[in-house]
Amino acid sequence: MAQVTLRKIVKMYDDTEAVRGIDLDIADKEFVVLVGPSGCGKSTTLRMIAGLEEISGGEIAVDGEIVNDVPPKDRDMAMVFQNYALYPHMSVYQNMSFGLRLKKYPKEEIDKRVQEAARILDIKDLLERKPRQLSGGQRQRVAMGRAIVRNPKVFLFDEPLSNLDAKLRVQMRTEIKRVHQKVRTTTVYVTHDQVEAMTLADRVVVMNKGKIEQIGAPNFLYHSPATRFVAGFIGSPAMNFLPCKLEQAGDGLNVRLSDTIAFAVPAERVQRYRPHVGQDLTFGIRPEHVTEAQPNGSKNLAMFDAGIEVVEPMGNETMVFFSINGTEVCGRTDPNAGAKVGATAKMAAHLDHMHLIDNASGRVL
Amino acid sequence: MVDAVISDVRELSAPRRKSGMRRMLQRKSTIAFFMALPLLLLISLLVLYPAFYAVHLATLNKSMQRFVGLSNFTFLFKRETFWMVVRQSCLFALSAVFFKALIGFIVAHFVHNIPAKGQRKWRGMLLIPWVIPPAMSTLAWLWLFDPSYSAFNWILALFGFGPVAWTGDAYWARFSVILINVWYGAPFFLIMYLAALKSVPEQLYEAAAIDGASWWQRIWYVTLPMMRNIIAITVLFSTIVTFANFDIVQVLTAGGPIDKTHVFATWAFRLGIQGGDIPLGASVSLFMFPILAFCAIFILRDIHRRGNEAS
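If you're matching them up, the sequences are chains A and B in order.
Sequential numbering of the first sequence, starting at 3, is according to my numbering.
Sequential numbering of the second sequence, starting at 273, is according to my numbering.
Hints are computed from structural coordinates only; laboratory data are not their basis.
Each residue gets a CB set at the ideal place from its N, CA and C atoms; glycine is no exception.
You can trust all of the hints, since none of them are fake.
Beta-carbon label-pair distances, calculated as ranges:
#, chain 1, residue 1, chain 2, residue 2, range
1, B, 385, A, 135, 31 to 41 Å
2, A, 126, B, 322, 58 to 68 Å
3, A, 40, B, 384, 22 to 32 Å
4, B, 385, A, 274, 50 to 60 Å
5, A, 40, B, 416, 54 to 64 Å
6, A, 85, B, 570, 30 to 40 Å
7, A, 66, B, 570, 52 to 62 Å
8, A, 22, B, 387, 22 to 32 Å
When the alpha-carbon atoms are kept at most 30 Å apart in a straight line, the in silico DSS-like pairs for lysine-lysine are as follows:
#, chain 1, residue 1, chain 2, residue 2
9, A, 211, B, 389
10, B, 470, A, 105
11, A, 132, B, 470
This is chain A alone, in the form it adopts within the complex (with noise of 0.2 Å):
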C-alpha cells in the first residue's frame, strides 16, 4: 500500500522528449489510468515508476522516499505486460510464485499466496500448465496472478488488454475492476483506450505530446474537458467541432455556425464568454446533445433542419450524419424517430452542454 509522487519527471531520448515535466500525485489505494494517443510518453512514464527506463530529469516517491536510483527489483512493484511476459518454460505456478522463490520465502507461504490469487482469477485448474497451452485470456489471468501473489506496494499496468480480442478485453476489464476492488493496491493503469480509461480509473490522466492535459475523474473529464483535445479523445463517438464566431446580440451573445445558422449562447454563460466576443472560435458539442427536436422542448435548445447523409443503428439508439458549412456532425437520436437518409430531419442541439474552445490556446472557456 503506497502512494507515489511525480515531480517534473522529464523523459530524453537522445535529442527528443518524450516525457516533459509530469507532476502527478497517486494516493494509496488509488486506481489511475494514463491515457492518451500512441508515442504520448504514457507508457514511458509509466516504465520510469517500475525502474525500468532511466528518469533524466524529476523525482519519482514511493511513500515520501525517492527512487530514482532504486533498481526495478527494490521497488516492490508488479507489472502486468502487454504481451504478458511469461516465463515460457516455467509453468503457471511457478510463473506465479518466481518473485516470491526468489525472495526466499517459505514453501507453505508461497503455495498459500499462489492458491489463494488463483482463486480470485479462477485458474485453479490452469497451475500446471506451460503458458504456451493456455489462451490470451489465461495468460493475462497468470500474469496478473504473477502481480497479485507479491503483494506488492504498486501494480503497474501496460496496455495490459491490447492483445485480447474485444469480448475478451471487455470481459478482463471487468475483471482486473473487481481484483482491485478486492486487493486495494495502489494501480497505475496505461492504456490508448479511453472506453478502458473511463471504466475502470477513480481518476484518469489524460496525456499528449509528454505533457499532462487534465487529471479527474472520469465523469468530470467527460462533462467538463479543459482542452480541446481532452474533449476529443474522451467519449466514443468524437466530440463535435464546428468553427464559430461570437456576436454581440442585444443583451446576449450569439454562437454563429454559419451566415444562416446563429444561436443564443444560455444566459448563464454570457458572463463567461463575453470576453471572447468577435474572436473565431470552435464550437464543441457531444453526439448525444444533438437529438432529433421533440415537441415538449425544453429551454436553451437551438432548433435547425439538417439533411441527413448518413444513417447508422445501433440498435438502442440510431446515429445520423450531417454537414454543417461542409463539416460533418454526428447526432444520436431515438431509433423511432425514423431519421432517413436523403430526408431533412428537425434537430435540436442542447445549449446547455456545449463547449466554446479558444483556436489560438486549446482550451475550453
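Once you have looked at the hints, place chain B on chain A.
Just chain B now, with coordinates in the frame of chain A:
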C-alpha cells in the same frame, strides 16, 4: 506426415480406376522420397560407402590380404598408448568444448550489450578466427609458441618468467592444442548464442527484474532456460567436430611429445598412413563412432522431449 495420411484416406474413398503404380506415385511420401533421392545417393556415396569400407578394412591384417576378425581391436585394447589416446581425446574434446561454450556465452553477452551501431564491426572481427582455415592459423600459433624466439616467451621473460616449452612439455602441449581449438571454435558459439540471445524477448528480463531477480538470477532463470536447446545443439555438434579434430593437433604437435597429444584422428593417421598399417588405423578411427553416437542420442532425446517450449 499428416498430409500423407489425409491423401491416403482420400485415395481409399476415390473410385478405383487408377493403377496401383500411378496411385503410389501420387502419394506425397513417394514424391518426397524421389525428391530427396539425389541427396540420399550423394550421402551414401560419400559417407556410407567409406564408413562401411572402414569397417571392412578394420577386419583385415596389415597387408590387407587376410580376414582377421576382431583381432585388430583386441590388439589395440592391450596397448597402453591406445588408452592414453582415449583419455587424451576425451580431455581434449570435453575441455575444449566447455571453454568454447563458456567463452562464447560470455562474449555473446558483451556483444549483445554493444549498441547496434558498433555491433556489426565487433561481430565481424570476433568471427575472424573461425573463418581462417585452422591449418593456416595453427602455423601462426606454432610460431607464437616457438620456445626460443616466440612472442609469448618474450613477454613472459619481461615479467621474469622462464621460457615455457609450449609444444615440448606434455602438459603445456596439451594446453596449447586446447587453447588453439578454443580460439578457433569459440566464435561459432558466440554467433549462435548471440542469435539466441537476440530471440529472448526483452520483456522477460524486465518482468524478471520487476519480480526481484538480480543480474545473475536473470541469467540463471531466464537466459539459460531460454537457450537450453541451442546450447545443447551447439555443444553436441562441437563435441562431434572436436572429437574428430585432426588439423590443429597435426600441425601444432603432430601428436608429440611422445604421443602425449594424440587424439583419435591423428593417431589413426600415424598408424594407418604414416605407419603403413591401414587396418589398424581404421580400427582406431572407428572408436569415435560409439562415443559420438552416445552423445548424440542423449542430447537429441532431451531436445525432442522438451519440444519447442520457447514458442
